[in-house]
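**Student:** Letter by letter, the chains look like this.
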Amino acid sequence: MMLFGEEGQEQLQDATIFIAGAGGLGSPVSIYLAVLGVGTLIIADNDRVDQTNLNRQILYRDQDIGRRKAAVAGERLQEVNPDIMVKAVDATIDQHTVSSLTRDADGIVDALDDFPTRYLLNKAALEKGIPLFHGGISGFFGQATTILPGKTPCLRCIIPQPPPAEVFPVAGVTAGFIGLIQATEVCKYLLCRGDLLAGRLLLWDGIQGRIEEIPVETDPDCEACAGKYKGIS
Amino acid sequence: MIYVKVTVRFFARFGELLGNTQEIEAREGISVADLVKEAASRNKAGYDTIFNEEGAFRDFVIVMRNKKRIRSQDAGSIPVGEGDEIAVFPPVAGG
Numbered sequence: 000m001m002l003f004g005e006e007g008q009e010q011l012q013d014a015t016i017f018i019a020g021a022g023g024l025g026s027p028v029s030i031y032l033a034v035l036g037v038g039t040l041i042i043a044d045n046d047r048v049d050q051t052n053l054n055r056q057i058l059y060r061d062q063d064i065g066r067r068k069a070a071v072a073g074e075r076l077q078e079v080n081p082d083i084m085v086k087a088v089d090a091t092i093d094q095h096t097v098s099s100l101t102r103d104a105d106g107i108v109d110a111l112d113d114f115p116t117r118y119l120l121n122k123a124a125l126e127k128g129i130p131l132f133h134g135g136i137s138g139f140f141g142q143a144t145t146i147l148p149g150k151t152p153c154l155r156c157i158i159p160q161p162p163p164a165e166v167f168p169v170a171g172v173t174a175g176f177i178g179l180i181q182a183t184e185v186c187k188y189l190l191c192r193g194d195l196l197a198g199r200l201l202l203w204d205g206i207q208g209r210i211e212e213i214p215v216e217t218d219p220d221c222e223a224c225a226g227k228y229k230g231i232s
Numbered sequence: 000m001i002y003v004k005v006t007v008r009f010f011a012r013f014g015e016l017l018g019n020t021q022e023i024e025a026r027e028g029i030s031v032a033d034l035v036k037e038a039a040s041r042n043k044a045g046y047d048t049i050f051n052e053e054g055a056f057r058d059f060v061i062v063m064r065n066k067k068r069i070r071s072q073d074a075g076s077i078p079v080g081e082g083d084e085i086a087v088f089p090p091v092a093g094g
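Residue numbers (numbering that gives the first Met the number 0), protein chains in the order written: chain A, 0 to 232; chain B, 0 to 94.
Quick caveat, the hints were computed from the structure, so don't treat them as lab data. Note that the coordinates shown come from a computational prediction; the quantities given were computed from them, not determined experimentally. Ideal Cβ placement from N, Cα and C applies to all residues, glycine included. Hints should not be assumed to be uniformly reliable.
Sample of chain A residues lacking proximity to chain B, with all beta carbon distances greater than 12 Å (derived) [said to hold, decoys possible]: (1) I64; (2) A69; (3) E78.
Below are the SDA-like pairs computed for lysine to any residue, each with C-alpha atoms no more than 25 Å apart in a straight line [unchecked claim]: (4) A:K150 - B:V3; (5) B:K4 - A:E212; (6) A:K187 - A:R66; (7) B:K66 - A:P81; (8) B:K43 - A:V88; (9) A:K150 - B:N65; (10) B:K67 - A:D204; (11) B:K67 - B:M0.
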């Protein structure tokens, strides 16, 4: 593609990205990384497609209701781009599986909906020295940041205590908006271009139509990262 | 009594319940925590979303003073000054 040049497209082709979750965020992230030409996408989810998902989980259609999300996501992403490798994994991301799921990844996209599991991804990213592209959504609100182990605060520095599980439904457009910010971050990281959302937490208020960003700092007492990890190269 | 002009900004769900921005004339020396309580007192649901039964910030709430984060447990002992901007927001968990 003209925008990235042959070299850039090869960099994308050589990359492996793990997408944790094939829901509201995982749908747009995975579709756009597939059409971008990221060579290997690993996407994991342990759920089935439900009718209530269809307002935002754009990997799925009405006829997919009841099917395993991983199976449908794998088929759909391969249709979107037959030239990439898609590994759709029907698995729960937990302390037993996180290491093997992220083993080959050059980066991890956080498309989850709970913080205890996000903290597992954060730990895996820190241990492997690979970036974690964080996103979170609720209603018309969202946040995103890019974590570079050893260079930026980790997810636990930024959000040390898990917010309560969401009780408000997510507007589909919010999943699209934040998911595409995450996909943009992955793209820039793989191409070594531009400024990442590193050390900056982006806050999106879709009701007000406002984006804010706040600087975030490493917590010297962070239970996940304090002084433990080398910088990302 | 001397008063200072400060701005309190609530984000996301907090803003829906309490209004996004409040300009407040607060008494000099008031702590960040007491200022936010005052600003949140206009709506019980909003107040209860931010503060627990003991009147302390719920542990997931992020508090910023002039774009710099402060530990919410320290907010009771940090005074606000003229022109300060206090921002309060909830990280969201959905995906």
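**Student:** Indicate, hint by hint, whether the structure satisfies it.
**Tutor:** Here's how the hints hold up against the structure:
{"no.": "1", "hint": "I64", "verdict": "holds, 20 Å"}
{"no.": "2", "hint": "A69", "verdict": "holds, 16 Å"}
{"no.": "3", "hint": "E78", "verdict": "holds, 23 Å"}
{"no.": "4", "hint": "A:K150 - B:V3", "verdict": "violated, 38 Å"}
{"no.": "5", "hint": "B:K4 - A:E212", "verdict": "holds, 24 Å"}
{"no.": "6", "hint": "A:K187 - A:R66", "verdict": "violated, 34 Å"}
{"no.": "7", "hint": "B:K66 - A:P81", "verdict": "violated, 46 Å"}
{"no.": "8", "hint": "B:K43 - A:V88", "verdict": "violated, 45 Å"}
{"no.": "9", "hint": "A:K150 - B:N65", "verdict": "holds, 24 Å"}
{"no.": "10", "hint": "B:K67 - A:D204", "verdict": "holds, 20 Å"}
{"no.": "11", "hint": "B:K67 - B:M0", "verdict": "violated, 28 Å"}
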